[in-house]
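Peer 1: Listed in order, the protein sequences are those of chains B and F. Numbers given in the numbering used here equal positions in the first sequence, counted from 1, plus 1487. Numbers given in the numbering used here equal positions in the second sequence, counted from 1, plus 11.
It is possible that some hints are incorrect.
[Claimed, not checked] Straight-line distance between alpha carbons at most 25 Å, and here's what the computed DSS-like set of lysine-lysine pairs gives:
{"id": "1", "chain 1": "F", "residue 1": "Lys46", "chain 2": "B", "residue 2": "Lys1874"}
{"id": "2", "chain 1": "B", "residue 1": "Lys1714", "chain 2": "B", "residue 2": "Lys1786"}
{"id": "3", "chain 1": "B", "residue 1": "Lys1781", "chain 2": "B", "residue 2": "Lys1874"}
{"id": "4", "chain 1": "B", "residue 1": "Lys1874", "chain 2": "B", "residue 2": "Lys1714"}
{"id": "5", "chain 1": "F", "residue 1": "Lys135", "chain 2": "B", "residue 2": "Lys1786"}
{"id": "6", "chain 1": "F", "residue 1": "Lys135", "chain 2": "B", "residue 2": "Lys1714"}
{"id": "7", "chain 1": "F", "residue 1": "Lys75", "chain 2": "B", "residue 2": "Lys1782"}
{"id": "8", "chain 1": "B", "residue 1": "Lys1781", "chain 2": "F", "residue 2": "Lys75"}
{"id": "9", "chain 1": "B", "residue 1": "Lys1782", "chain 2": "B", "residue 2": "Lys1874"}
{"id": "10", "chain 1": "F", "residue 1": "Lys57", "chain 2": "F", "residue 2": "Lys46"}
Because the hints were derived from the structure by calculation, they are not lab data.
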Amino acid sequence: MLEGILMGLTTAFSIKNLLMVIGGCLIGTFIGMLPGLGPMSIIAIMIPVAITIGDPSAALILLAGVYYGAIFGGSTSSILINAPGVASTVATSFDGYPMARQGKAGKALTIAAISSFCGGTIGAILLMIFAPVLASVALSFHSAEYFALMVVGLSAIATFAGTGQVAKAIMMTVAGLMLATVGEAALFNAPRFTGGVMDLQSGFSFITLAMAMFALPEAIFLVLDPKRSNTGDGGSGEIKDLRITCDEARAIAPVIGRQSIQGFLIGVLPGAGATIASFLGYAVERNIATDDDKKMFGKGSIKGLSAPETANNAACTGSFVPLLTLGIPGSGTTAILLGALVALNVTPGPRLMIDEPQIFWSVIISMYLGNLVLLILNLPLIPYIAKILAVPRNYLIPFILFFTLMGAYIGQNNATELLILVGLGVVATILRLADFPLPPLLIGFILGSMLENNFARSMQLYDGPSFIWERPMTMGLLILAVALVFLPGLRARRARIGRE
Amino acid sequence: MTLDRWIASVFLVVCLVYGYTAFFTMDAGLPPFMKRNPIWPSTFPKVLAGLGIVCALLVIVNTKPRSIKEDEIDYRRLGDYRIGQAAILVVLMIAYAFALRPIGFVASTVLFLMVSGIALGERKLHILIPVALMTALFIWFLVNNVLGIFLRPWPWPWFVT
Chain B
1488 MLEGILMGLT TAFSIKNLLM VIGGCLIGTF IGMLPGLGPM SIIAIMIPVA
1538 ITIGDPSAAL ILLAGVYYGA IFGGSTSSIL INAPGVASTV ATSFDGYPMA
1588 RQGKAGKALT IAAISSFCGG TIGAILLMIF APVLASVALS FHSAEYFALM
1638 VVGLSAIATF AGTGQVAKAI MMTVAGLMLA TVGEAALFNA PRFTGGVMDL
1688 QSGFSFITLA MAMFALPEAI FLVLDPKRSN TGDGGSGEIK DLRITCDEAR
1738 AIAPVIGRQS IQGFLIGVLP GAGATIASFL GYAVERNIAT DDDKKMFGKG
1788 SIKGLSAPET ANNAACTGSF VPLLTLGIPG SGTTAILLGA LVALNVTPGP
1838 RLMIDEPQIF WSVIISMYLG NLVLLILNLP LIPYIAKILA VPRNYLIPFI
1888 LFFTLMGAYI GQNNATELLI LVGLGVVATI LRLADFPLPP LLIGFILGSM
1938 LENNFARSMQ LYDGPSFIWE RPMTMGLLIL AVALVFLPGL RARRARIGRE
Chain F
12 MTLDRWIASV FLVVCLVYGY TAFFTMDAGL PPFMKRNPIW PSTFPKVLAG
62 LGIVCALLVI VNTKPRSIKE DEIDYRRLGD YRIGQAAILV VLMIAYAFAL
112 RPIGFVASTV LFLMVSGIAL GERKLHILIP VALMTALFIW FLVNNVLGIF
162 LRPWPWPWFV T
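Given these sequences and hints, build the entire structure.
Peer 2: Quick look at the structure:
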């Protein structure tokens, strides 16, 4: 193994590969900032470039750099304009955007960069040590466990809204799950709930829904109440202030530690990926926080920002475990990377580490490098990126609306998508006025099809719902899900009785 | 009735329609061999419809009037806010969707950015117009030439589809 690591170090630190990782991170960050272009699309766009390079190590290093850069770029638009371009950065906007609104955009971006760096780096160390063992554990997870894991994720998020709001949050989750059933279901090959509209045949697009739920209502709120916009004070300094105090560093350190490990382990599971890792990371940190800290979640908590950022980067690294060791892509992005590997005549799988150790290890080493380059490149750029918020309101709002519309349009190249976006955006604004939590709706939508597919597969395998009681891990996870929904209510009731 | 209850009532109606489709119409065209499967296309929607109805009823029954926090927008006093500007921007977004194909990306984007800026009170047209034009051209170049996603920049003659 040591020989392999040394070989990887030599390859990754060559001038050519260093340039690849720097170039990849830069391209990924800037294109990733455009809502609608997530890592998957950017990597797909970069594949012809990677194939032209020819050298598999260099090509993979470039693509890994693009991957990390795109995730950081997505976080930037989530934090600054509440427009999460990819599912894995939705949770980042829960606390990142409130921080930006309080004039702490620079700090929020710094915390995001540092958390991403730590999550990715710790993930890479874990990948190096545990890759072969974890790959075999991940394979023991069946569709029944995936189904139960997603139910846990959804219930954890439903309790996100806090006591008194749980019914509303579950209602929103169900609404999201219902939206996910619109269109042609992969398992049944039959269109559902399309109402004969051709444009709904493939269902609602994630980007459209994300923009409609977050960016559009926010822009409309900024128009309705100009006091909400914190623009025009770019010179005040705080927006650009990157400093994190010792207390803040101490507060986020344990979060980073926990979420690096949890995010990595979730990322290893094929199909789970960075999205579930970031939501679960957020929900877990919120649930274990002290009562005072808990009140801050959703209002600009640094822990709430650090948790999903750490978890999604660690999960991205984790998702390389099944890809590199088993040849199984764990997410859409790694599926595209698998395509690139095959095009470069590299066959991932158990033999990759033995037959082509320089590729295996140089990719892992380049992950450390990618994270380091991201930190070095992005920290000095943060004051300039944060200045977006200093753009006057009369310009900022039309631009947010334009990028929101573009995000939906680029993905589908269809003007009907824009009408769906505006319609859903108006509905989301009304829901926000009545204080209905919107994140559970989007999360329900994202996990909906995966949840149904795993449920259907388990039902088919066990010829009915017996998988729930026949598989102990499934049972355990489902009990945990029920507990997550009911425990906060019980705790609140006990506290109320105690006070009386 | 509070807005929460109105929303929950609308959601209840949606769930009833959704549930009706799942229970009574969705499986009508299901081939006979699929009817032996333990799971049908309607199985998951049926569960969701049930859950949705329960949640909507819980919200209708449990909602208590709440006080509006300082940084929230009070929906009962929408007239005090700039509701007219918000409505204009929504209409402009719809117009943008309809204009994209016939007049092309660049013209529709410049018009959208300009008119929405003016609607929000911007009067420095000598800044607004160049900014809108540069943005439209830059994004078109980036998306069309760098990313390779086709965007029709200019209006094409009516006979070219």
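Peer 1: With a cut-off of 25 Å on the C-alpha distance, tell me whether lysine 1782 of chain B and lysine 1874 of chain B pass.
Peer 2: Answer violated: lysine 1782 of chain B to lysine 1874 of chain B is near 29 Å, above 25 Å.
Peer 1: Run the distance test for lysine 135 of chain F versus lysine 1786 of chain B: straight-line Cα separation, threshold 25 Å.
Peer 2: 35 Å, violated
Peer 1: Is the Cα-Cα distance between lysine 46 of chain F and lysine 1874 of chain B 25 Å or less?
Peer 2: Answer violated: lysine 46 of chain F to lysine 1874 of chain B is near 59 Å, above 25 Å.
Peer 1: Between lysine 57 of chain F and lysine 46 of chain F, is the straight-line Cα distance small enough, at 25 Å or below?
Peer 2: Roughly 16 Å separates the two Cα atoms, so the pair holds.
Peer 1: Holds or violated: are the alpha carbons of lysine 1714 of chain B and lysine 1786 of chain B at most 25 Å from each other?
Peer 2: 17 Å, holds
Peer 1: Would the pair lysine 75 of chain F and lysine 1782 of chain B pass a check requiring their Cα atoms to be no farther apart than 25 Å?
Peer 2: Given that 25 Å is the threshold and the Cα spacing comes to 21 Å, the pair holds.
Peer 1: Just to be careful, I want the Cα atoms of lysine 1781 of chain B and lysine 1874 of chain B compared with a cutoff of 25 Å; is the pair within it?
Peer 2: 30 Å, violated
Peer 1: Are the Cα atoms of lysine 1874 of chain B and lysine 1714 of chain B separated by 25 Å or less?
Peer 2: 19 Å, holds
Peer 1: Does lysine 1714 of chain B lie within 25 Å of lysine 135 of chain F when you go C-alpha to C-alpha?
Peer 2: 22 Å, holds
Peer 1: Hey, lysine 1781 of chain B versus lysine 75 of chain F, does the alpha-carbon distance stay inside 25 Å?
Peer 2: Judged against 25 Å, a Cα distance of about 23 Å means the pair holds.
Violated hints, listed in ascending order, are 1, 3, 5 and 9; each of the other numbered hints is respected by the structure.
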